[in-house]
Amino acid sequence: MTMAPRILVADDKANVVDLVATILENYDVTRAADGAQAIDLVSKQKFDVVLTDVRMPGADGFEVLQAVKRSTPATQVIVMTGFATVPDAVMAVKQGAYDYIEKPFDPDDVALAVARAVEHGRHTVTQADAREKPQSEDGAPGKQTTAMPYREAVEAARDRASRDYLVALMREFGGCVTWAAERAGMERESLHRVLKRYGIHSEDFKTSTTPDA
Amino acid sequence: MRARSSDEGGGVKVDHATRAFGLRFTTGLRLLFAFSALVCAFLAVLLFATSRLRATGRALEDLRWHDERLRVAIELESALRDAIAHQAQIVGGDRQRLVDYRDARERGLEFQGKLRVHFEEERGEAWAADVEVFSNELRKVLDDRIEKALTSGVKDVDEGERAHTLIMAIEDRLDDVCAREQAASTRHRTIVSDLQRSTLRWVLAFFVGAPVFAAAIGLYIRRSVARPVARLGEGAARLARGDLETRIEIDSADEFGALAAQFNAMTEALKTHQEKLVQSEKLAGVGRLAAGFAHELNNPLSVILGYIMIHRRKADGRLARDLAAVEQEAQRCRQIVRDLLELSRPGRLPDARPVDLRELCDEVVTALRESNQLAPSRVVVEGAAKGLGSRDKLRQVVVNLVSNAAEAAGAAGSIEVRVSASARGAEVEVSDSGPGISLAARERLFEPFFTTKDTGTGLGLAVSRAIARAHGGDIAIGESASGGARFTLSVPPAAVPLGRLADRRDLASAAPASPQQAAAAVRSA
Numbered sequence: 001m002t003m004a005p006r007i008l009v010a011d012d013k014a015n016v017v018d019l020v021a022t023i024l025e026n027y028d029v030t031r032a033a034d035g036a037q038a039i040d041l042v043s044k045q046k047f048d049v050v051l052t053d054v055r056m057p058g059a060d061g062f063e064v065l066q067a068v069k070r071s072t073p074a075t076q077v078i079v080m081t082g083f084a085t086v087p088d089a090v091m092a093v094k095q096g097a098y099d100y101i102e103k104p105f106d107p108d109d110v111a112l113a114v115a116r117a118v119e120h121g122r123h124t125v126t127q128a129d130a131r132e133k134p135q136s137e138d139g140a141p142g143k144q145t146t147a148m149p150y151r152e153a154v155e156a157a158r159d160r161a162s163r164d165y166l167v168a169l170m171r172e173f174g175g176c177v178t179w180a181a182e183r184a185g186m187e188r189e190s191l192h193r194v195l196k197r198y199g200i201h202s203e204d205f206k207t208s209t210t211p212d213a
Numbered sequence: 214m215r216a217r218s219s220d221e222g223g224g225v226k227v228d229h230a231t232r233a234f235g236l237r238f239t240t241g242l243r244l245l246f247a248f249s250a251l252v253c254a255f256l257a258v259l260l261f262a263t264s265r266l267r268a269t270g271r272a273l274e275d276l277r278w279h280d281e282r283l284r285v286a287i288e289l290e291s292a293l294r295d296a297i298a299h300q301a302q303i304v305g306g307d308r309q310r311l312v313d314y315r316d317a318r319e320r321g322l323e324f325q326g327k328l329r330v331h332f333e334e335e336r337g338e339a340w341a342a343d344v345e346v347f348s349n350e351l352r353k354v355l356d357d358r359i360e361k362a363l364t365s366g367v368k369d370v371d372e373g374e375r376a377h378t379l380i381m382a383i384e385d386r387l388d389d390v391c392a393r394e395q396a397a398s399t400r401h402r403t404i405v406s407d408l409q410r411s412t413l414r415w416v417l418a419f420f421v422g423a424p425v426f427a428a429a430i431g432l433y434i435r436r437s438v439a440r441p442v443a444r445l446g447e448g449a450a451r452l453a454r455g456d457l458e459t460r461i462e463i464d465s466a467d468e469f470g471a472l473a474a475q476f477n478a479m480t481e482a483l484k485t486h487q488e489k490l491v492q493s494e495k496l497a498g499v500g501r502l503a504a505g506f507a508h509e510l511n512n513p514l515s516v517i518l519g520y521i522m523i524h525r526r527k528a529d530g531r532l533a534r535d536l537a538a539v540e541q542e543a544q545r546c547r548q549i550v551r552d553l554l555e556l557s558r559p560g561r562l563p564d565a566r567p568v569d570l571r572e573l574c575d576e577v578v579t580a581l582r583e584s585n586q587l588a589p590s591r592v593v594v595e596g597a598a599k600g601l602g603s604r605d606k607l608r609q610v611v612v613n614l615v616s617n618a619a620e621a622a623g624a625a626g627s628i629e630v631r632v633s634a635s636a637r638g639a640e641v642e643v644s645d646s647g648p649g650i651s652l653a654a655r656e657r658l659f660e661p662f663f664t665t666k667d668t669g670t671g672l673g674l675a676v677s678r679a680i681a682r683a684h685g686g687d688i689a690i691g692e693s694a695s696g697g698a699r700f701t702l703s704v705p706p707a708a709v710p711l712g713r714l715a716d717r718r719d720l721a722s723a724a725p726a727s728p729q730q731a732a733a734a735v736r737s738a
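Which chain is which? The protein sequence lines are F and U, in order. So in this note's numbering, spot 2 of the first sequence is number 2, and the numbers just go up one at a time. So in this note's numbering, spot 321 of the second sequence is number 534, and the numbers just go up one at a time.
Since the hints were derived computationally from the structure, they do not count as laboratory data. One or more hints might be untrue.
Just the calculated beta-carbon pair ranges, DEER-fashion [unchecked claim]: (1) E172(F) with A636(U): 27 to 37 Å; (2) R171(F) with K495(U): 50 to 60 Å; (3) R188(F) with V539(U): 19 to 29 Å.
Derived coverage of chain U by chain F (criterion: at least 3 residues anywhere in the stretch with Cβ under 8 Å from a Cβ of chain F; other residues may be distant) [unchecked claim]: (4) 504 to 511; (5) 542 to 551.
Below, in silico cross-link-like pairs of lysine to any residue (SDA-like), each with a Cα-Cα straight-line distance of 20 Å or less [said to hold, decoys possible]: (6) K527(U) with V167(F); (7) K13(F) with A543(U); (8) K495(U) with I549(U); (9) K527(U) with R160(F); (10) K527(U) with H192(F); (11) K13(F) with K527(U); (12) K196(F) with V167(F).
Note that CB positions come from ideal geometry on N, CA and C, so glycine has one too.
The task is simple: from the sequences and hints, build the whole structure.
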C-alpha cells in the first residue's frame, strides 16, 4: 500500500475544515486557515488535491488556484462554494480547477470528488508528458458557452465522469466494494450510497475471483 | 375598492359612448350652440319688434286715411248745407247771397271731386253712385234753373225744392259714409292702441327675459366648462397631495369626459407603477437581505448538515431517527436560503435554449412518482410544445406546480398537465381536482412567504414566478374544470435559428470529453 494521498483543505471557517477532514479521514489532510496560508503551504509542499473556499480573507480561491497551477500543475484543485457564488466556482473550473463543490454539501459528494481528483492527478503524473492537458484547456465545456450554459455543461460532464469513474473502479475490483472503497479513499457505506445513486450494481461486475464483500 | 371599480365602469361607458356615436357632442360644439341660440333669440326679438313697428305704422296710415275721408265727407256735407242755406235765402229774395251761394257750390264741387278721389275704390257701391248721380242732377238744377231764375228774377220754387231734395239725399248718403268712416276710424284707433300696448308688453317682456336667457346661457357654459375644469383642477390638486385613489367623476361624452377618463387612467397607471415600485423595492430589499443571509448561513449549514449526514449514517435506532429529523429541517433551511437567493436575482437568466416541455413534464411526473411525492391516483400529461429557457429552472417551476397540485388534489384526486403551443409562446397548464384557491388568496399567492399550506415556506410560487418572468413569461392562476386550481406557466416559444441547432450538435458531441478523460484516468490507475 502506497502512502495516503495528501490533501490540503483551505477555508477560513475552522469548522468547515474540520468537517472536510472528518470526511476525508482516509487521506493525509493538511489544514489552511486562509488563502495566504494555503498559498504558502502549496509553494513548500506537494499535495495531490487542494480543496479551497472561493471567498477567504488574505487570498481568495482564484489566487490559490493560480499558485497551485504555477508550482505543482499535477495537483488537482477543487473549489468549495456557496450557492450564491456558484458562478465564481464555474469560472474557477474554466480557469483550470478540476471541479467545484457546492455548500452545503453531501459528504459522499466530497469523498467522490476527491477520489476522482486523486485518480485524475495520478493519471496526469504517470503520463507527465502526455498530450492530454488540463481539463480547462481542451475540456468539454470551454467552447459551448453559447449553446449550453457553462455550468450545466460542467455538471453534465461531472455526472458522466463520476459514472465512468465508478464503472471503471467496479470493473477493476470485480465488483468488490470494500477494495474499491479502500482504493477510492472512501467509507465502504459511502461508496455503496454513491453507487446506488448512479444506478450501478456491484454484482454486475462480480467474477469468480472476487472475494465476498 | 368597490367605488373604484364602479368608476372604472363609468369610464368604460364613456369610452363606449364616444366610440358608438363617432361624432362627439363636444364642449366646443355646445358653446357654439349656446352662443348661436343667444344671437338667434336677439335676432328674433329684433325682427318681431320691427314687424310690430311696421304694423303700427300701417295702422296709423289707415287711421289717417279714414280720418281724411271723414273730414272730406264732413266738409262736403257742410258745403252742401251752406249751399242749401244760401239757396233758401236766395229763393227768399236775398240776391246778395248769390255770391256766397256760388262759393258754397264751388266748394261743394271741389269736395265732391276730392270725395271722388278718396273714395275711388268704392265707386261701384250704391251710395257712391247715388252721390254721383245726385250731384250731377244738383249741378244741372243749380246751373240751369236756379241761376237762370235768379238772374231773371223769377222764382222757381219747384226747382228750389228739387235742389233741396237732392241735397238732402246726398246728405243722407254722406251721413252714412261719415258714420261708417267714423266707425272705421274708431276701429283703427283701437287697433293702433292695441298694437302699441302689445308692443310695449313685448318690449317689457324682452327687457326682463333677455337677462334671464343670457344668464341661463351663462349658467349652461359654466356647467359645461367651468365646473369640469374645477373638478379636474381639484382632482389634480388631490393627486399632487399624493392621494393616488383620486378619481374624477365626469362621465359626459365630451372633451372633459375624455380628459377625466385620461386622468383616471393616468392615476391608475401611476398607482400600479408605484405599487410595482414598492414591490420591487421590497423584493430588492429581500434580495439584499437574502444574499447576506445566505452567505452567512451557508457555512454553518454546511457544517451542521455535513456532521448530521456523517453521524446519521453511522447511528442506529432512536438516534438515527432523531438525526434524520434534524437533517430534514436543516435541508429545509438550505432550501429556504436557495429560494431567497433565487428571488433576489430577478431578470437574470442563464443562456436560454429550446426545451421540450412535454419531455420535461413527463420527467418531472416520473421523478415525483418515484420519490412518492405524487399522491393523486390519476396524473395525465398531454400535448407537446417547445419553449425557450433554462431546462433546470423550468424543471424547478414544473416540479413546484405539480407537487403543489398533488398536495391540493390529495390521494383520491387527479392532476392534468397540458402542454400547448400558441403564437405567444409555449404553455404548461397544471390543473388539479382540489378545492381551488379563494380570490383573496389569489391576490397574495405570489408574495414571498405567503402560504396556504401548513408545511410550506411560501417561497415556491414566488420563486417560480420570478423564474417565469426572468424567462419573459409568467404564471397565471385560474380555475380548473373541476373547480380546483389551475396554474398556467407561459414561456417564449422556441423559435430556433439554424445556427443554434448547429451549436446543439456541437454540444452533443463535445460533452463526453471530460468523462472519457475520467475513464482513461481510472483505467490507467
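Here is what the structure says about each hint:
Between E172(F) and A636(U), the C-beta spacing of about 56 Å breaks the proposed range 27 to 37 Å. For the hinted restraint 50 to 60 Å between R171(F) and K495(U), the CB-CB distance of approximately 56 Å keeps it satisfied. The given range of 19 to 29 Å is respected by R188(F) and V539(U), whose C-beta atoms sit roughly 24 Å from each other. For the region 504 to 511 of chain U, the stated coverage by chain F holds: 4 residues have a C-beta nearer than 8 Å to a C-beta of that chain, and at least 3 were required.
Coverage of the region 542 to 551 of chain U by chain F holds in this model, with 4 residues showing a Cβ closer than 8 Å to a Cβ of that chain against a need of three. Proposed proximity of K527(U) and V167(F) is contradicted: the alpha carbons are some 26 Å apart, above 20 Å. For the proposed pair K13(F) and A543(U), the alpha carbon gap of about 19 Å is at most 20 Å, so the pair holds. For the suggested pair K495(U) and I549(U), the alpha carbons sit about 17 Å apart, so the restraint of at most 20 Å is met.
In summary, the hint linking K527(U) to R160(F) is not supported, as the alpha carbons are separated by about 29 Å, beyond the 20 Å threshold. With a C-alpha separation of about 14 Å, the suggested pair K527(U) and H192(F) falls inside the 20 Å cut-off, and the hint holds. A distance of roughly 25 Å separates the Cα atoms of K13(F) and K527(U); the hinted pair therefore is violated under the 20 Å criterion. Distance restraint check for K196(F) and V167(F): the Cα-Cα separation of roughly 12 Å lies within the 20 Å cut-off, and the hinted pair is therefore satisfied.
This entry does not satisfy hints 1, 6, 9, 11, going by the numbered hints stated previously.
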